[in-house]
Amino acid sequence: NSTLVLSPSTIVGDGVSASTATVTAKDSLGFAVPGAVVSFPVVPNVSGTGGTCTTSAVAGPGFGTCSVSLTSTVSGSYAIHATIGGTDVGGSPATLTVTAGAPNAGTSTWTVAPAGPITADGVAAYTVTFTAKDANGNTVTTPGTVFAVPAVVNLTASAPSCATDGTGTCTLTFTSTVSGSYVITATLGVGGPALTNPANHTLVFVAGPPNAGNSSLVVTTGTRVSDGVDAHNATVTVRDTQGNVVAGAT
Numbered sequence: 014n015s016t017l018v019l020s021p022s023t024i025v026g027d028g029v030s031a032s033t034a035t036v037t038a039k040d041s042l043g044f045a046v047p048g049a050v051v052s053f054p055v056v057p058n059v060s061g062t063g064g065t066c067t068t069s070a071v072a073g074p075g076f077g078t079c080s081v082s083l084t085s086t087v088s089g090s091y092a093i094h095a096t097i098g099g100t101d102v103g104g105s106p107a108t109l110t111v112t113a114g115a116p117n118a119g120t121s122t123w124t125v126a127p128a129g130p131i132t133a134d135g136v137a138a139y140t141v142t143f144t145a146k147d148a149n150g151n152t153v154t155t156p157g158t159v160f161a162v163p164a165v166v167n168l169t170a171s172a173p174s175c176a177t178d179g180t181g182t183c184t185l186t187f188t189s190t191v192s193g194s195y196v197i198t199a200t201l202g203v204g205g206p207a208l209t210n211p212a213n214h215t216l217v218f219v220a221g222p223p224n225a226g227n228s229s230l231v232v233t234t235g236t237r238v239s240d241g242v243d244a245h246n247a248t249v250t251v252r253d254t255q256g257n258v259v260a261g262a263t
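All residue numbers for the sequence shown refer to the numbering used here, where the first residue is 14 and numbers rise by one.
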């Protein structure tokens, strides 16, 4: 006849938001019982479990009840047990749902794939994946967190920003037709605080295969003496389809 109630049953995993677990001890006839010792077995990541409380003997609405406060910093669903004399009370286990807090620029992450370098052909692309996390590192699965990458000259982005889905992630892709190294930064929201995990990424693009039509030959002009020493110089500049200089071509 004894009961366990969580109020509320869903909290934010910030270590501050709390759920009150209240047990009402009753005898076989349904009468409230004071002085009953209620145990709350340990639940990993949930503070407030692992202890006991004793039901109140004070007349009033709280007679025969006792409570503990539950908090967490790790999102997830947790089975909360309450026992009297080693036996679960009614409603035990009760499910405590811990959700992520607000997105945080310092803990949200962003990664780049592939490692590179890649070809500066306007087709080969880097994929940047953003993961929204709260201050405690929990993934924020509520859709709509926006991440943005400020524009960089000669770097083409699939979009200026992206918004997360139900997995807490979103992606942008980057291409270029100009070889070089490009440093990108990102913000939480357009024009918002900068991401720091990490603070930036470097995207490296290299020239593609040599293209005869874009390559050039320049020979020095003028008259030279035919003595086997005096010479004209022939300079070949090898370029790819996009006009990038190709190093190491034979």
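Possibly wrong hints are sitting among the right ones.
In the SDA-like style, the derived pairs of lysine to any residue whose C-alpha atoms are separated by at most 20 angstroms in a straight line are [stated by the list, open to error]:
{"#": "1", "residue 1": "LYS39", "residue 2": "LEU19"}
{"#": "2", "residue 1": "LYS39", "residue 2": "VAL71"}
{"#": "3", "residue 1": "LYS39", "residue 2": "VAL56"}
{"#": "4", "residue 1": "LYS39", "residue 2": "ALA115"}
{"#": "5", "residue 1": "LYS39", "residue 2": "ALA70"}
{"#": "6", "residue 1": "LYS39", "residue 2": "SER60"}
{"#": "7", "residue 1": "LYS39", "residue 2": "GLY98"}
{"#": "8", "residue 1": "LYS39", "residue 2": "HIS94"}
{"#": "9", "residue 1": "LYS39", "residue 2": "ASN14"}
{"#": "10", "residue 1": "LYS39", "residue 2": "ASP101"}
{"#": "11", "residue 1": "LYS39", "residue 2": "SER52"}
{"#": "12", "residue 1": "LYS39", "residue 2": "VAL87"}
{"#": "13", "residue 1": "LYS39", "residue 2": "THR140"}
Simulated from the structure, these hints should not be mistaken for lab results.
Verify the proposed pairing of LYS39 with ALA115, using a straight-line Cα cut of 20 angstroms. With Cα atoms ~41 angstroms apart, LYS39 and ALA115 exceed 20 angstroms; violated.
Taking only the CA atoms, is the gap from LYS39 to GLY98 under or equal to 20 angstroms? Given that 20 angstroms is the threshold and the Cα spacing comes to 13 angstroms, the pair holds.
Under the criterion that the straight-line Cα-Cα distance not exceed 20 angstroms, is the pair LYS39, VAL56 satisfied? Between LYS39 and VAL56 the Cα gap is close to 25 angstroms, so the pair fails against 20 angstroms, i.e. violated.
Please verify whether LYS39 and ASP101 have alpha carbons no more than 20 angstroms apart. 13 angstroms, holds
Take the C-alpha atoms of LYS39 and THR140, compute the straight-line distance between them, and say whether it is at most 20 angstroms. 60 angstroms, violated
Is LYS39 close enough to VAL87, meaning Cα to Cα at most 20 angstroms? Distance of about 33 angstroms is beyond 20 angstroms: violated.
Has the given pair, LYS39 with LEU19, been kept, meaning a C-alpha gap of at most 20 angstroms? 17 angstroms, holds
Hint consistency between LYS39 and ASN14 [alpha-carbon to alpha-carbon, up to 20 angstroms]: Holds, at about 6 angstroms.
LYS39 paired with SER60 [C-alpha distance capped at 20 angstroms]: Judged against 20 angstroms, a Cα distance of about 26 angstroms means the pair is violated.
Take the C-alpha atoms of LYS39 and ALA70, compute the straight-line distance between them, and say whether it is at most 20 angstroms. 13 angstroms, holds
Within 20 angstroms, alpha carbon to alpha carbon, are LYS39 and VAL71? 15 angstroms, holds
Proposed proximity, SER52 with LYS39 (alpha carbon, max 20 angstroms): 15 angstroms, holds
Hint violations for this structure: numbers 3, 4, 6, 12, 13, all remaining hints satisfied.
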